[in-house]
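Trainee: Here is how the chains run, residue by residue.
Protein chains: 4
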Amino acid sequence: MYTLITGASSGIGKATAETLAAKGHDLILIARSTAKLERLQQMFMARHEIDVKFFTVDVTDPAVVEDFFAQIQDLKIGNVINNAGGCLGKDKFQDALLEDLFTMIDANIRGFTHIAHRGVQRLIETQGTLVNISSIAGIEPYPQGHVYCATKAFVKTISKTLRFDLMGTGVRVIDIAPAAVNTNFSKVRFKGDVQKADAVYAGYQELSADDIAAQIVWALEQPPHVNLEHIVIYPTAQAGPRDYARE
Amino acid sequence: MYTLITGASSGIGKATAETLAAKGHDLILIARSTAKLERLQQMFMARHEIDVKFFTVDVTDPAVVEDFFAQIQDLKIGNVINNAGGCLGKDKFQDALLEDLFTMIDANIRGFTHIAHRGVQRLIETQGTLVNISSIAGIEPYPQGHVYCATKAFVKTISKTLRFDLMGTGVRVIDIAPAAVNTNFSKVRFKGDVQKADAVYAGYQELSADDIAAQIVWALEQPPHVNLEHIVIYPTAQAGPRDYARE
Amino acid sequence: MYTLITGASSGIGKATAETLAAKGHDLILIARSTAKLERLQQMFMARHEIDVKFFTVDVTDPAVVEDFFAQIQDLKIGNVINNAGGCLGKDKFQDALLEDLFTMIDANIRGFTHIAHRGVQRLIETQGTLVNISSIAGIEPYPQGHVYCATKAFVKTISKTLRFDLMGTGVRVIDIAPAAVNTNFSKVRFKGDVQKADAVYAGYQELSADDIAAQIVWALEQPPHVNLEHIVIYPTAQAGPRDYARE
Amino acid sequence: MYTLITGASSGIGKATAETLAAKGHDLILIARSTAKLERLQQMFMARHEIDVKFFTVDVTDPAVVEDFFAQIQDLKIGNVINNAGGCLGKDKFQDALLEDLFTMIDANIRGFTHIAHRGVQRLIETQGTLVNISSIAGIEPYPQGHVYCATKAFVKTISKTLRFDLMGTGVRVIDIAPAAVNTNFSKVRFKGDVQKADAVYAGYQELSADDIAAQIVWALEQPPHVNLEHIVIYPTAQAGPRDYARE
Chain A
48 MYTLITGASS GIGKATAETL AAKGHDLILI ARSTAKLERL QQMFMARHEI
98 DVKFFTVDVT DPAVVEDFFA QIQDLKIGNV INNAGGCLGK DKFQDALLED
148 LFTMIDANIR GFTHIAHRGV QRLIETQGTL VNISSIAGIE PYPQGHVYCA
198 TKAFVKTISK TLRFDLMGTG VRVIDIAPAA VNTNFSKVRF KGDVQKADAV
248 YAGYQELSAD DIAAQIVWAL EQPPHVNLEH IVIYPTAQAG PRDYARE
Chain B
48 MYTLITGASS GIGKATAETL AAKGHDLILI ARSTAKLERL QQMFMARHEI
98 DVKFFTVDVT DPAVVEDFFA QIQDLKIGNV INNAGGCLGK DKFQDALLED
148 LFTMIDANIR GFTHIAHRGV QRLIETQGTL VNISSIAGIE PYPQGHVYCA
198 TKAFVKTISK TLRFDLMGTG VRVIDIAPAA VNTNFSKVRF KGDVQKADAV
248 YAGYQELSAD DIAAQIVWAL EQPPHVNLEH IVIYPTAQAG PRDYARE
Chain C
48 MYTLITGASS GIGKATAETL AAKGHDLILI ARSTAKLERL QQMFMARHEI
98 DVKFFTVDVT DPAVVEDFFA QIQDLKIGNV INNAGGCLGK DKFQDALLED
148 LFTMIDANIR GFTHIAHRGV QRLIETQGTL VNISSIAGIE PYPQGHVYCA
198 TKAFVKTISK TLRFDLMGTG VRVIDIAPAA VNTNFSKVRF KGDVQKADAV
248 YAGYQELSAD DIAAQIVWAL EQPPHVNLEH IVIYPTAQAG PRDYARE
Chain D
48 MYTLITGASS GIGKATAETL AAKGHDLILI ARSTAKLERL QQMFMARHEI
98 DVKFFTVDVT DPAVVEDFFA QIQDLKIGNV INNAGGCLGK DKFQDALLED
148 LFTMIDANIR GFTHIAHRGV QRLIETQGTL VNISSIAGIE PYPQGHVYCA
198 TKAFVKTISK TLRFDLMGTG VRVIDIAPAA VNTNFSKVRF KGDVQKADAV
248 YAGYQELSAD DIAAQIVWAL EQPPHVNLEH IVIYPTAQAG PRDYARE
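Protein chains in written order, with the numbering used here: chain A, 48 to 294; chain B, 48 to 294; chain C, 48 to 294; chain D, 48 to 294.
Chain A on its own, in the form it takes in the complex:
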């Protein structure tokens, strides 16, 4: 039984892969970076008695995603961690690059939906679990968040509707909404501006990717009748998207 992780090469995806590998789960890792995936595969298979497969997949390319699911059609998928996605830019909506807006929609919504759609079809076979990674941005929208916030509201809402559609199948759907997690999220948002990215996490103890991975694994390990439908995780020192107790 494999756990499929998207966006597996870094951040929350990678941390979840590490945690699950250490617990003996077989893994299917997908991301855009072949080199990083290959390194993870080697590391995990060297350290743990598990099988790790990886596929270079850009979730925004429908043909590639279809091809990927065709390739894994004989494997049993017990969990899907639908994690790929991100944020580009932090200008006001009217000043944002149209291209960035489309990129976020394509990854966080189109690609996300594609993985969810093919994923749940496979999870029905195994009474498995779908974990969607949303964000507090989808719950408490903030200035300059526009399309990013809205893509995460999309994830929250579709997660709820999937609970209805999958009722009776045994498939669980879990929506995990983190606040500030120190991954490369902010570096990507600020397009490599390390100073701006670092400032997001300065002066307080932020969440780590491992903190989120711990929640994902906790949710997966619940007895089959328990569905942790929605988990909102904040650093104790952060109270809202714009509220931090910085030193």
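Calculated directly from the structure, the hints in this document are not laboratory data. Just so you know, not all the hints are guaranteed correct.
Pair by pair, the computed Cβ-Cβ distance ranges are [claimed, not checked]:
hint, chain 1, residue 1, chain 2, residue 2, range
1, C, E294, A, W265, 25 to 35 Å
2, C, R289, B, Q174, 17 to 27 Å
3, D, G71, A, S80, 41 to 51 Å
4, D, A117, C, R289, 31 to 41 Å
5, B, Q174, A, D108, 37 to 47 Å
Predicted model only: the values in this text are computed from it and were never measured. Glycine included, every Cβ here is placed at the ideal spot set by N, Cα and C.
Once you have looked at the hints, place chains B, C and D on chain A.
Mentor: Coordinates of chains B, C and D only, in the frame set by chain A:
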């Protein structure tokens, strides 16, 4: 000063165009159907002393949308009614056609965002008003609603964030969320199955497109300092997405 | 047919009374201040051909409310404007006066619920309309808002549930959620500190009680099949509970 | 360091007490039933090397609550599990007993707020954790839920605002919202009608009080910088307040 209406050839868009035409507003109408737009233009200009322009625009085609905004760059835009979009299919998520899911995302999110982005850039010049048409589907998600519900949660959330980003510009952003409105919405959703579509509106008095147009016009006609940020409109006989008092 | 207004002696209640009086509605006004109610009665009956009754009622006193409804049992009630309530204090929760917290709960929840309960029993006879006044505080909770915000979330949520329970009766339930309205709200919140109260409305054009009354009347005047379930009203210059474009 | 649990004599409160006792936590248990509390004290102190204190407290009686906090003023409180509350009746709002509505408001809001207020004042001393038990009823309001749903929306909203007010103190606030849990909840709601109560949990695997206790303990045991702000827990076989996959 023109009011730009997307999805103007039928339903809420058309009813809004009619109401505004009768009140003397100049209009720019866009939709995919040239013939319908042409007919509306002729009718409105025959009946009212207004200017009506129309453009055949599929909002999901970025090049076409860019070209359209280039063509209207010398016109003053006082209002944008961001109404194009719809729903395809009412199967469970796992049984839906992937193609339908993508079509909804492309129209309700990609196209919607494109119009909003270029629209607000123009509205800043005129301290104008953006009206987004969402749905109760984005607030109270329901079975078999999946991607459609989530696209409308996208609209609700981005509408809120735009209020932040446009604060101080004088631009107003209004999110109107109707429940059951008898337009061709259900006929499109059920792909021409008239019986299924009619059943949605059977046995109670549903909303008409004119009922929604009346709210839009009311919101536009408020004094400039009043922003009706969010209006949820139900038939009195309907209490939720699945709750109707049918005879 | 009478419209019953609670908190009728000032602010939104009074403005609504004035607007409805001018349109020829018979009124039943309740509040704690006999003198103010008496003055309104005299003024309205002098100016308009309507009947105005008033009762000195503290909605937090169950016996008084029961007695009040007993006294009006022979009158037809077409609308109830459930407006009484307010906010006390703006300290952090841990620093607030327990007494203030209880006072807000008693007015905004206990009294509100009592009026709603007896009110809808009467509205069922007339297929009338209940208008609840909530606040953006119930949608976008903010620092130092604690109990006040939560009481308004109570109002929002019970308004939605009443729609279910009253489905099929013809009774409409409308929840109106204003942002910054310049009434004595802030003077009460800051316990008479006029400087603090005025600062809330400084440097931008806030809403007036009349602006809200206009929405209430618009909602009441919709055709019977149209229920404006939820209306969120902001000053254009305000984007959130903490976001103002002040000069 | 003590964990204070309200509503500790049965259901989620008792299960949480049992789980924490087994992990060696000192406990302060409060509820209305002296006999049940005494039995729990004896059992826990016989089995585990912990201190257990109990107090007969009706949280709706302000004087009793004040007196209780005076009595424990010298004890260190590391956690407060704000769990007391419940539901009375399942008629439509217009048919409900006014007395039941007030009882719910007094327990779920007045008593709840009192415990939260005095509780956080004590938790600031210890950088402790407040766990509020809300319900999916506060998120997805349902027919005949009226006041109960609204009291739980109150809990959800005040929990969020407390995060703002306590930012920088190190105190964590956690809101746990369960769906169907088989406790005496439904027996109380249906006022002893065992048949109706049992029907709620028939034909699918519902949650147990222990399932919820496990989430509470998990949240408490997170590292101090991790605040699981909001956890929504459903049985896998339940998708909404009215949606069950029953056999």
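Trainee: Indicate, hint by hint, whether the structure satisfies it.
Mentor: How the hints compare with the structure:
no.	hint	in the structure
1	E294(C) with W265(A): 25 to 35 Å	violated, 50 Å
2	R289(C) with Q174(B): 17 to 27 Å	holds, 23 Å
3	G71(D) with S80(A): 41 to 51 Å	holds, 46 Å
4	A117(D) with R289(C): 31 to 41 Å	holds, 37 Å
5	Q174(B) with D108(A): 37 to 47 Å	holds, 42 Å
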